[in-house]
Amino acid sequence: MRRFGLLGAVLLVLGVVYLAAWRTQPGPSSGTGQQASQTAAVTSVTRSCPPSPNTSAAHIAMIALPSRAAASAGTAGAGSATLSAVPATTTTLGTGTQRTSGAKKATTAAPQPVIVSAPGALTTVTAPGEPSGQAPSGTAVAASGQMAEGFEAEQTDASGMGLVTCTHPGSDMWFVGTGTGDGASSITLYLVNTGDLAASVNVTILTDAGLQSGLSTGITVAPHQSLTQPIAPFVQGSGAVALHVQTSSGQVAASVWENGGSGGAWLPQAAAPGTSLVIPGLTVASSAAKLFVTVPGSSDAKLTVTAFTAQGKFVQFGSTPVDAPAAATSSFALSSLGASAAGLELTSNVPVVAAVQVPGQGIGSFTTAVPPLTEQGIVAGNPATQGLTVGLVLTAPAGAAHASVTVIGAPGSGSGTDSPQVVTVPAGRTEAVAVPRPPNGRQPFAIVITPGAGSGPLYAARIVTAGSGGLSAPLDSLLPVPNALAVISLPPVQNAYPAILP
Amino acid sequence: MLDVLSTTPQQTRHTVTAIIVAHDGARLLPGLVQALRAQTYPVERTVGVDTGSRDRSGAVLAELIGEDAVFGMDRGTGYGEAVAVALQHGAARRTPRTDPNLKRVEWIWLLHDDCEPAPETLERLLRAASRDRAVVVLGPKVLDGQDRRTLREVGVSIDRAGRRITGIEPGEIDQGQHDHNRVVLAVGSAGMLVRRDAWEQLGGFDTRLKLFRDDLDFCWRAQGAGYRVQVVTDAILYHRELSARRRRNADERQQLRRLDRRNALYVLAVNLPLLTMLRAMAGCVAGSMMRAAYLLLTKQLDLASAQVYGVAGLAGHPVWLWQGRRRRAATRREAYSAARSFIPPGRTLSRLAESVAGLLSSGPPQASGGMHRAASEEPEDEQFTDAQSVVRRIIANPGVQLFVALTLIALVAERRLLGTSPLGGGALVPAWGSAAGLWSEYLAGFHAVGIGSTASAPPYVAVVAALATVLGGQSWLAVDVLLLGSVPLAGVTAYLATRRLATATAARVLLAAAYALLPVATGAVAAGRLGTAFAFAILPLIGVSAGRMVTAPPRPARRAAWATGLLLALATAFAPLAWVLGVICVVFVLAVRRVLWAMDPVNALIVAVTPFAVLFPWSLHLFASPSAFLTEAGIQSPALTSARLGPSALLLLSPGGPGLPPVWVTAGLGLAVLAALLPHRRTDVTIGGWCVAVVGLLAAIAVSRTSIIPAGGGEAAKGWPGVAMAVAALGLLIAAAPAAQWLAEIVSSRSGGVSRGTGRLLAGVGLAVAASAPVLVAGYWVTAGVRGPVGSVSAPVLPAFISASAATGGQNRTLVLRPDGDSVDYAVIRQSDPILGEPELTAAASATAALSRQVAGLSAPDGADAGDPGLSLGEFGIKWVMLPGPVDPLLAQRLDAAVGLVPLSKAPAYDLWEVSGPVSRVRVVAQDGTITPLSAQPVGVTAVSVPVSGGTLELAEPAGGWSATLNGVALKPLAAPVDGWAQGFTLPPGGGRLTITRNDMARAVCLIVELIALLAVCVLALPGKRAEAAEEAEALAALRAAQDDKRAARGGQRSGLSERYGLAGSRALQAARAGHARAGRAASAGALGGLGPLGIGAARRRAASRDASAEDPVTTGSGVGVLDDEDEPGTAEDWDEPGHDPSTTGPFSAAPWETGPHEAMPRETGPHEAAPWGTGPHEAPPWETDPHATASRETGPHPAGPRETGPHPSTPRETGPHPVRETGPHPAGPRETGPHLAQPAGTGPHPTTSRETGPYQAQPRETGPRPTVPRGTGAHRAPSRGTGPKPAQQRGTGPHPTGPQETGPQRAGRPETGPRQAPPRETGSHPAPPWETGPQPAQPHPTGPHPATPRETGPKPAMAPWETGELARLTGGNDTRDDDSPTWGDSEGRGERGWSDESSWDEPAWGDEAGSQDDPARGDDSGRRAEPPERHSHRASRHSRPGRLGGLGRRRGSGDRGAS
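Sequence lines, in order, name chains H and E. Sequential numbering of the first sequence, starting at 1, is according to the numbering used here. Sequential numbering of the second sequence, starting at 503, is according to the numbering used here.
Be a bit skeptical, because a hint or two may be false.
Calculated lysine to any residue pairs in the SDA-like style (CA-CA distance at most 20 Å, straight line) [what the hints assert, rightly or not]:
#1 1408(E) - 158(H)
#2 302(H) - 259(H)
#3 1408(E) - 321(H)
#4 302(H) - 321(H)
#5 605(E) - 633(E)
#6 605(E) - 561(E)
#7 1408(E) - 272(H)
#8 1408(E) - 172(H)
#9 313(H) - 297(H)
#10 1408(E) - 232(H)
#11 1474(E) - 1525(E)
#12 605(E) - 681(E)
#13 1474(E) - 1508(E)
#14 605(E) - 671(E)
#15 1474(E) - 1495(E)
Keep in mind the hints are simulated off the structure, nothing from the lab.
Input sequences plus hints: build the corresponding full structure.
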């Protein structure tokens, strides 16, 4: 019996050990634990605004909204934004040769930079351009301190309506729009190099006919120079065109202007290729909207396009996915959205880039896939002109979203900030809300969209309609609302040996 | 006679003055004086000097040669001085009747109190002197005083090392082979005959040489003066060489040793010509220091100090040297060349070569000197006859075969990893570079790696570096050996460890293979876990050491504690968890020490603290970040562990991670281990093993459930429970060992309770199931290969051109980025890829945070908005940013976009960017923001010009520990570090030369502390000489007495089970039963010497029964009675009486012995032997043993008491046997017959002395036997020698045996007469054919090598057998039993040899024992474990002669014991 006693005791102990191991076993979901991302306050911002496509001087509206945390930390002073001209270098690639004249012009006296320091207030300035008669120059905006936090700048027209967002320089950008075969008379690529290094830029053109060669040689943008590159000659009359601007060295800010018969429009910079994209900003007038989809990879995309409207969601093009050919840009005419503002969600099996052309004045307006609003979305240039209605098209594809919309008028307008307007968007719906201009204000104003805590992803576009009918009136301007960040979330990094040998 | 000497027409009259210098030699003096009187040529004058003897020497001398011829001197008087004074004494000047016709030639004859000239000696010396007038110094052939056949000296010389060279093999028998008179360098002072005029001319002995080498020196001077020194080989002197063997003056032993060494050097220093002398001295001093170091290491402090003192004593008296040389120059007539031919060159190397050759040649190892430790001798060795060479024994060793098999398996499985490029990947950092690189990494206080680290390098780097150094400087090879060799190494260590748990080879191999082929091992190899691999291999050794610690007697236990601590520290260096587990186990053992094992809390403390001390600076870091306890050497990464390790995997010892076989492979082993609980054998071992296993399992659970963020940075990962599982596995195997042993025995049909066929079948199935685990793991491993991240790394990541340019000027660094999921890993490399241990050097947190911030900005989208990370990399001295292939395009794009980074190249293997702007490790930032890079060295900066502008001097290293000087003026460090982390200084304008240095004193101090701790622990842990067995045993007994008593009560109930245990067990048990309590302990002490395989439970029971029987006098009585039947019934009662009397130690001890014999003769000796060889199958468990040893000491001690302890220390393993042997037999003698006793007495001492060899010899013991004339003395000696009441008396008055025995007094009168009988004895001996011839052939050379033991002072011990023979014969004259004498002689021989070669003792003895139970001779044989195996055969044949006395073996044994 003793022997069995010992065996029993051991089995009992082993049972306890087993139980202990079982009870302490981590759950299946508990991975190694995601590291909390660090964040960093934005301390310096560089933005590049393209030159005015017209010969008239460009206006630039900008605003910086320091986050409360950063402000209380008081790490930086008020800071300032410095706007300096980036003189142009004209390049024409007619026969494949490149003629540069910028070097000579650079010798002329540069215009004095404009310095602004007004965090929290909307500022509109005239871009420090070159003396009239010269080729228009781009503008570099370098903001620091509190002026860099939550900074947003747009090129506006004279009325203060933001036309295009000033983007920060990068090395990889996509622009998708209509082609010369379908309404565009000219397409112009503006490259602005605000850095100290020459940038070597490669532009890949994907049309509905596929890859277009001709711009295969690199374009060099000298430091602190801008460059205008006509694209139309290389598009060969395609109905849809996508430009992929990459730098192999240096950074540039790129912008694309498409001119239509009675007016042109800027192509907003499209989000990087992805398999799930959300394009906000289709208005009531979008029944004739066109969807352009570029498939950069080598395999065809199968697309499912869903429209979120105020009434619900509609799957476009029937229930079967549509094919988009690889290495090309395809255009799809969107079916009716039921006279409602809408947002589109594209789901694809391969990464795609997409944009939508909404008919309107001139060539119409373009909207494109954007990231959801995180911290705050700001549109700095909104006209307070009589007859124009300013509104927001807000799409919440997954989960109800709510946000507060604040209007900030220009200083001195007597109506600094208003009480915020709270907007709620049900899940899978799109809401169009009109933004009242500041009371008594005739000055342009800024709109700040701040997603509430716990809100679902929210995508927004700012629309301006002309004429009666409010938001249903014909579209005058469409601008996807970018994120204006006061803090940047940094990826977790580790000083770890696997960097050398995984 | 006169006419014989008249060689000239004028009559020459030789007048001889004999000078006797007595020093505690009272017992020997009568013999000497007797011999003097018996000289055929009369000694004219005799002068006696008593140099402060503590015995009655002076009085005895006065009685013998007259008051007026004797005077006394100080005890400290040297020999030379005594002689000089004696020559001035009236008695030496007394002029005899003069005859004018006679030409008187005065001679001085120097005699020691312990020598004894043969009757014709003087005559023959003088006759030789007459032939050549140049010969003024003559010496006789010196034979051993005890064994009168053994040659001691035929002239002496000195070698360049100062050793006294006799040119005679130790133990060489005088067969006339050296007989011819010849001129020699010197003759010994004993019996030296010197012409008085020459003596006076040369000034006699140098009085500064008090004792040793004075004769050599004198003769050398005589040679120098043109005289000749001759040895006369037909003149014979018997000499005991008491001083040289240090048997004299036990209290002055230490001093004698020093004196010996000092005089050796002195003689060389004053007699050699200057140049030769300087050369020889240099050699001697170096040699002495090396010997001292060695002796220090083996903890023979006294010997070591003698070596040092020898040198110091000489160097301390330069004036002496100078005077000595001048004096010698004054008398010198001849050049050194005259003497040179006598001086052999240094023999150190040849002696070394001899001992090495002896080791490699067939036969048992030659030198014992404490070198043969338990681990080096496997019990399996008994399978091999001694004729096999070492090589064959090695090849045939199952452990070696296991190692080879595992190595093959490992090599095949690791085929992918073999090669000469470093291994890397997983947890392993490739070991680039050489051992020197690792050493410098370990030693550095500041590490110029990454962004600079002041952390202590992990100590495993030092271990790998040490191994790499041994392997020729290849650090990758060291890593390969440790990682790839971990499985075979673990197999070997586990095999060694099982030695204490099982004896059956199959069981041991199975256990070891099961351990070595655990999934832990394959996982460790696959993931490159060097830490686990090393700990895995070393764990079994820790187990062995810990086992010894809890089971050995106090002193070895202490040593084992240090060893355990040291091994634990080693394992901790690689896997700190080992320390935690070690502490837990130690605490556990402490907690149960009243129940299971006795452990000294101090030992526990030693084990717990040693790792801290040995790993000192780094161990602090462990406490600073306790999660490091759960990590191990190398990189921690989530990919290397299983985040959700299931409970089944944990219980089946599958640690998770890459490279593991399926979880179920160990299921068979698990079942077998559980089934092993059923046989219910050695429950203590089983329970202990299970406890360890459960601790290991719980630790494994804890580790695998804990998320650990590596200290060096990186992603949090679950711990890998490999080490904990290895501990658990070890515990399981310990628990299963008894059952495995049992099954193996059944299979080999040695025993087993089940009916044979079925039993064997079942056992075979059981073993097969258990063996499934190693077989499956090996199969999986071999077929699948190593599947894991580890692999050969062909080239460093850093391109060569970057390495090259990074080493110059600005000491620029490279930032390596690699995306890892959502996060990014980065590393900063300076000049080359990190080497082993470098990634674990943590940088200052502030510096890491600052850099991480920049790297995050660099790799974040829009990161440029949060500063310009590209530009700020320059502040970290980073010049290049690299993305190693496969390049992540997204990250590459962001880097392309980063401001301040210029793409440099896009190669297939990497993309590289360069940071624009001036980058340098050291730079000056002027007020206006201008940055001036300065060139620097890897650590410091030497004399660089700085710009005149001044500003801030920035060093891209973490702040602290730096100092800078500009033109020699110290710069003021900035109050706050630059950017929160970097070192900065205010640089005044004006320019100049800048020097930046680093102060790493703290690291140096730490290293020194660490080194001291390491050395101290090593010395304490190393096996040293074995000291004071008796004391140890006593201490242990005291420690455990209470425990034993408790256990006894419990054990008594279980004693019935004891039959199951091996022979030894039952033997010991029987002995214990028969004996008295203490006697029983003595008997089982035999079993004690080491850890018996099955011993724990059995021994416990034995102890119990022992105690039980102790209370039962009847048992004892009956045992004795049986014995008496065999022998002499009459004495039985005598024995009984003392047996019950606790105070009478002597007789008391007899009890166990008697009981032993009556069971079976051979057996009786058996148990004794058991003691020395712990390895024997019958061994008792260690802890059991100790008490026994104690007991034996108590009983035995009677003989030994103080004296005995001396010898024991010198032999490593001997402790057990000695007491036993001595005690038992002793009584036997007296009981029987008077004469016999005497013999034992005579013989007794010899074995002892021989065993002790010189240094430890206690004089009294030696003297005891000698005066002892045959009978009686034995009896009285026993009591006196014993711890008993009258040792003093005994020693002082040798002749008066006041022993308790009735025989004592009767013999008291005889000692004096003893010597007188010498002549007859001598003649008698020669004819005695049986033993003389028998042993003689055998004797000569087997003994030769043995004396080579390091400690041994000389050949002396070898004499023993012969001497005893003689004694035996002596006694034989009046004893009817003289037949015994050969046996005695034999036993002597055995004793002596055994001494020098312990390792071979037990096995043959045991082997014999089984078969020879009925053969007394065999019994005898087995008793003589000391005997070297090869002698066995002839010995046996000798013994097989008609056994004379039934109790022969016993008696012999008793003689041994009694005498000692």
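So, going through the hints one by one against the coordinates:
no.	hint	verdict
1	1408(E) - 158(H)	violated, 47 Å
2	302(H) - 259(H)	violated, 31 Å
3	1408(E) - 321(H)	violated, 40 Å
4	302(H) - 321(H)	holds, 5 Å
5	605(E) - 633(E)	holds, 16 Å
6	605(E) - 561(E)	violated, 36 Å
7	1408(E) - 272(H)	violated, 23 Å
8	1408(E) - 172(H)	holds, 18 Å
9	313(H) - 297(H)	violated, 29 Å
10	1408(E) - 232(H)	violated, 33 Å
11	1474(E) - 1525(E)	violated, 55 Å
12	605(E) - 681(E)	violated, 31 Å
13	1474(E) - 1508(E)	violated, 28 Å
14	605(E) - 671(E)	violated, 42 Å
15	1474(E) - 1495(E)	holds, 15 Å
Consistency with the previously given hints fails for numbers 1, 2, 3, 6, 7, 9, 10, 11, 12, 13 and 14, ordered from lowest to highest.
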